[in-house]
Structure formats: C-alpha cells, structure tokens
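Read off the chains here:
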Amino acid sequence: MEIPKELYYTQDHEWGSVEDGMMRVGITDYAQHELGDIVFVEFPEVGTVIAKGDPIGTVESVKAVSEVYAPVDGEIVEINEALADTPELVNQDCYGSAWMVVLKISDPSQVDTLMDAQAYRAYVEAEAK
Amino acid sequence: MRTPLYHEHEKLNAKIVDFHGWEMPVWYTGIREEHLATRNSAGIFDASHMGEIWVSGKECVPFLERVLTRNIAAMPKHRVLYGFFLNERGGIIDDLTIYCVEPGERYMLCVNASNTPRDLDWMNVQNREGAVIEDRSPETALIALQGPDAGGIMKAVLGLDLDTLKSFTFTILATRDYGDIMISKTGYTGAGGTEIFLPAAKASGLWSSLVEQGAAPCGLGARDTLRLEMGYPLHGNDIDETTTPLEAGLSFAVNLEKPSFIGREALKEQSSSGVSRRLRGLVLRDRGVPRQGCICVKGSEQVGVVTSGSVSPVLGTGIALAYLDKSVGEKDEVEVIVREKHLRASVTRPPFVRGTAHT
Chain A
1 MEIPKELYYT QDHEWGSVED GMMRVGITDY AQHELGDIVF VEFPEVGTVI
51 AKGDPIGTVE SVKAVSEVYA PVDGEIVEIN EALADTPELV NQDCYGSAWM
101 VVLKISDPSQ VDTLMDAQAY RAYVEAEAK
Chain B
1 MRTPLYHEHE KLNAKIVDFH GWEMPVWYTG IREEHLATRN SAGIFDASHM
51 GEIWVSGKEC VPFLERVLTR NIAAMPKHRV LYGFFLNERG GIIDDLTIYC
101 VEPGERYMLC VNASNTPRDL DWMNVQNREG AVIEDRSPET ALIALQGPDA
151 GGIMKAVLGL DLDTLKSFTF TILATRDYGD IMISKTGYTG AGGTEIFLPA
201 AKASGLWSSL VEQGAAPCGL GARDTLRLEM GYPLHGNDID ETTTPLEAGL
251 SFAVNLEKPS FIGREALKEQ SSSGVSRRLR GLVLRDRGVP RQGCICVKGS
301 EQVGVVTSGS VSPVLGTGIA LAYLDKSVGE KDEVEVIVRE KHLRASVTRP
351 PFVRGTAHT
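Going line by line, the protein sequences match chains A and B. If you use the working numbering, the first sequence corresponds to residues 1 to 129, in order. If you use the working numbering, the second sequence corresponds to residues 1 to 359, in order.
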C-alpha cells in the first residue's frame, strides 16, 4: 500500500497536499483498493464553500457508492474534470492525475489536525484488522 | 459458510464478502479486468455455494411435472432446461436448471444458494407423490469456466472437446484425478463455456489445473456484471415471489400447455388479461450508475423501479433492469432518479452486449 510521506491524511481516507494556501485533495491508495473499480465520479461546482467533513465528491465503484469529504474548511477552486471521462484513473494514479478537487483553505490551523503518513499507516493497519 | 474452494480464494488474495451467509470472493484483481477476461478469453468462477438437489424414484416425474414449469417427461437424457418453482400466485420461488441424468429415473436441480433450504422445505411439503429428494449440495462443487477460450482449456485439462457438446446438454466423465464429473454446456455470463459439477474433495485440484491453463479467477462482482450485460435475471433482485415469469419476460421457460403445475392457473389468467408491468432493459444516456431501488419516471409520472443496475464494463455506460409500466415500450425514453438527479435512459431489449454463447 502506497502512502506518500509528504501528504496529509484523514480518517475517511482522503489525502491532501498543501501549497500556497491551497489544498489538493484525493482519495488514498487504501480507499481506491477497498472500493474496487471506480466507474463514476462527481464533484460540487467550483465556488462551493464547504466545511471540514462536508462531502466534496461522490465516487462510485461497481459495488459501492462512497462520499469524499473535505479535510478542512474551504472553497472549491478547481475540480478534476478529466475524471468524468476516465474515472478508472482513480484506481491507476490516485495520488497523481486522479486528484479530485483543490480547496482554498479558510483556516490553516486545521491542517495541523490531519494525520501524517506515519500516523495514517498505523491507522489503516489498525482498521484493516 | 465456506465452499470447498475457500482456501484457493485466500491463496489468490481475493476480497471476500458475505453473500447470504457464504464467504465468497467478490473480486481477485478487479471486477472490470475479470469481466473482460471472461468476454475475451476465459474466466473461472466458484459457484459451489449453489444447491444441487437430486430427485429420483419411480414417482419423480409426476412430482417434478407438478412443481416445475417445464415439460419434464419429454426431456431426453443429458438435456438441461431452465425453469421455475412457482407459488400459487405464479410468483417465482426460485429459478433453476434441471438436469435429466436418467429419463424417468433421476434428475438434478441446480438452485440458487440462498434459496436452497427454502426450496428443499417447499419440495418436501409438496412431495405427495413420494419422490426421493436428496440434498447433495455439501458434497458437490460447481466450477464455471466461461469465455471463448474455455474449449481450449478443457481440452488441455480434461482432454474433452467442448464443441462436441450442444448448448444446454451435459455429459458425465469418469476421471482419474477428479472423480465423476458432470460437464454442462451452460452458464450465467453469455460468454460461452461450461459449468462443471464435481465432488467437493476434488474441487481444488481441478480449479488449480484450470487456472494454470490460463483461466482468470473471477469473483461474484464480475459474475453479476456479466449476467446483467446479458439481461439474465438474478433471483432476489429481478425476480422473486411477487413477480411472475410473464412479467419478467421469461415465458419461454414456462410450458402453459402442460395440464397442471403449481402456479399455472394464475399464469393462465395473467396471460389472457395481460401483465401490468414488464422487466425491461435500460441504457443510460447520461453519466451515472443506476442502482437497485432507483425510481423511473416519465414526465412527472412514476413508471417503474430498477431491480439491478451497474456500469457495463463493455459499453462503459450505465445499464439496468427495471420493472416498467406496460404503457412504456421498447425504444421509449424514461428518466432514472439517481441520488435526486434525473438521468435519461433508453428502454431496450437485453442483451445489452452481444454474447458469444450461441454455438
């Protein structure tokens, strides 16, 4: 299971990367593996203001529907339009080309409440038991 | 409960889920990959959870004639038929395949896993003829080898030329390595191939040999998307005790000419008065995944409900089976409500893709 060192993680298996007050968000390798083949993704419109824990996307696999939640408060400034045509990218490249949305972070202090790679790995290993 | 192949699934790192009390593989590498392997080459499925009920004895034919919708007396040796157990209202207690092992003497019924106990109870209650009913499910494994390469793999492993078997017939082969096995030219994928019944103790050996020859292990996920692409109904989803074969478009498996069988009167009546709803295929024209329970509308009027839905791995679009009001015909347009969104769908006659089963 791939858990890149430089990213932040949530208990709902989202990852975030922070740069210039923006957070790029996607789902983790663990999440895409648990869901199986992703066949559909959908995001709110750019400009939507959301709170930490609110849904910022829906991901459907053949067998399941799953929400993607905002790791922090913010405004959606970009969504990954390419995933509509190629949802399978989520299975192939979840930390790269299959990023989902970019949030403009409202409260930078919330970033510190997220897990780092080491904490997330421990969390996933505990959950898998 | 576990099938005799459970440890093979573990070895292959399958994702295991609960399926009506059975610990079954839902996928090994991924549903899409397994689905396409079956369509394009060969997939292998553990269907050992399904029930095998043997019916024999002097009175077996009159009994089977009364509880089944097909003409049993006319079945030649080693013929297979698809048929139903119905209730008095014509509702489907179970759908099953009927194997004529010895005409007039011995038949095997292959029934849905989750319905096996209920089927057995029902059969025993109905059995006033005194037929001998035996549940051989625990000692019987069922491996489905499906896809265009199934023939080559069977030749390599068992030396059997599948082309010599006609569709919906079977043969019994005495083998050194796997005991007496029943090889049936049937399936639930539309991809062609065979279903193999064999002693539970021999299942792992045959499974491994077939996998070694190139059959891709496939889980219940691919089994479901494959059958859905062909429009084959799944009992519990698309058909159940509240739906009749006529509503489900399965009248080919009901012989109303037979003088009597349970459910016949209700079907006769429905046949003359006409059905109020029909199971239809839907192909989504908008992006999205129709799911069981989604409502179908036409304008502001509710016209039906989805009973099975997914994204077709072959077409890449949402497909579904849905009971639609009789006012809705083929080539009509409806909308399926998926999480409050109205998605456009065309009403079609399944199969949604071209199968390769017709040999």
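Worth double-checking, as some hints may not be accurate.
[Stated by the list, open to error] Straight-line distance between alpha carbons at most 20 Å, and here's what the computed EDC-like set of lysine to aspartate or glutamate pairs gives:
#1 B:K15 - A:E88
#2 B:K15 - A:D85
#3 A:K63 - B:E33
[Unchecked claim] A few chain A residues that face chain B, going by a derived Cβ cut-off under 8 Å, partial list only:
#4 G36
#5 V39
#6 F40
#7 V62
#8 K63
#9 E67
#10 E81
#11 A84
Calculated directly from the structure, the hints in this document are not laboratory data. Even for Gly, the Cβ is constructed at its ideal location relative to N, Cα and C.
For each hint, the structure was consulted:
Between K15 of chain B and E88 of chain A the alpha-carbon distance is near 19 Å, which keeps this suggested pair within the 20 Å criterion. The suggested pairing of K15 of chain B with D85 of chain A is violated, with an alpha-carbon distance near 27 Å, which exceeds 20 Å. Of the supplied pair hints, the one linking K63 of chain A and E33 of chain B holds, its CA atoms being roughly 14 Å apart against a limit of 20 Å. With its C-beta approaching chain B no nearer than about 6 Å, G36 of chain A sits inside the 8 Å limit, and its interface hint holds.
Because the smallest distance between the Cβ of V39 of chain A and any Cβ of chain B comes to about 4 Å, under 8 Å, the interface hint for this residue holds. Given the 8 Å rule on beta carbons, the hint for F40 of chain A holds: about 5 Å separates it from the nearest Cβ of chain B. Checking V62 of chain A against chain B: minimum C-beta separation of about 5 Å stays under 8 Å; hint holds. Interface restraint check: K63 of chain A against chain B, minimum CB-CB distance 6 Å, threshold 8 Å, status holds.
Among the interface hints, the one on E67 of chain A is violated; its C-beta lies about 11 Å from the nearest C-beta in chain B, farther than the 8 Å criterion. Taking 8 Å as the C-beta contact cut-off toward chain B, the hint placing E81 of chain A at the interface is violated, the least distance being around 12 Å. For A84 of chain A, the shortest C-beta to C-beta distance to chain B is roughly 7 Å, which falls under 8 Å, so the interface hint holds.
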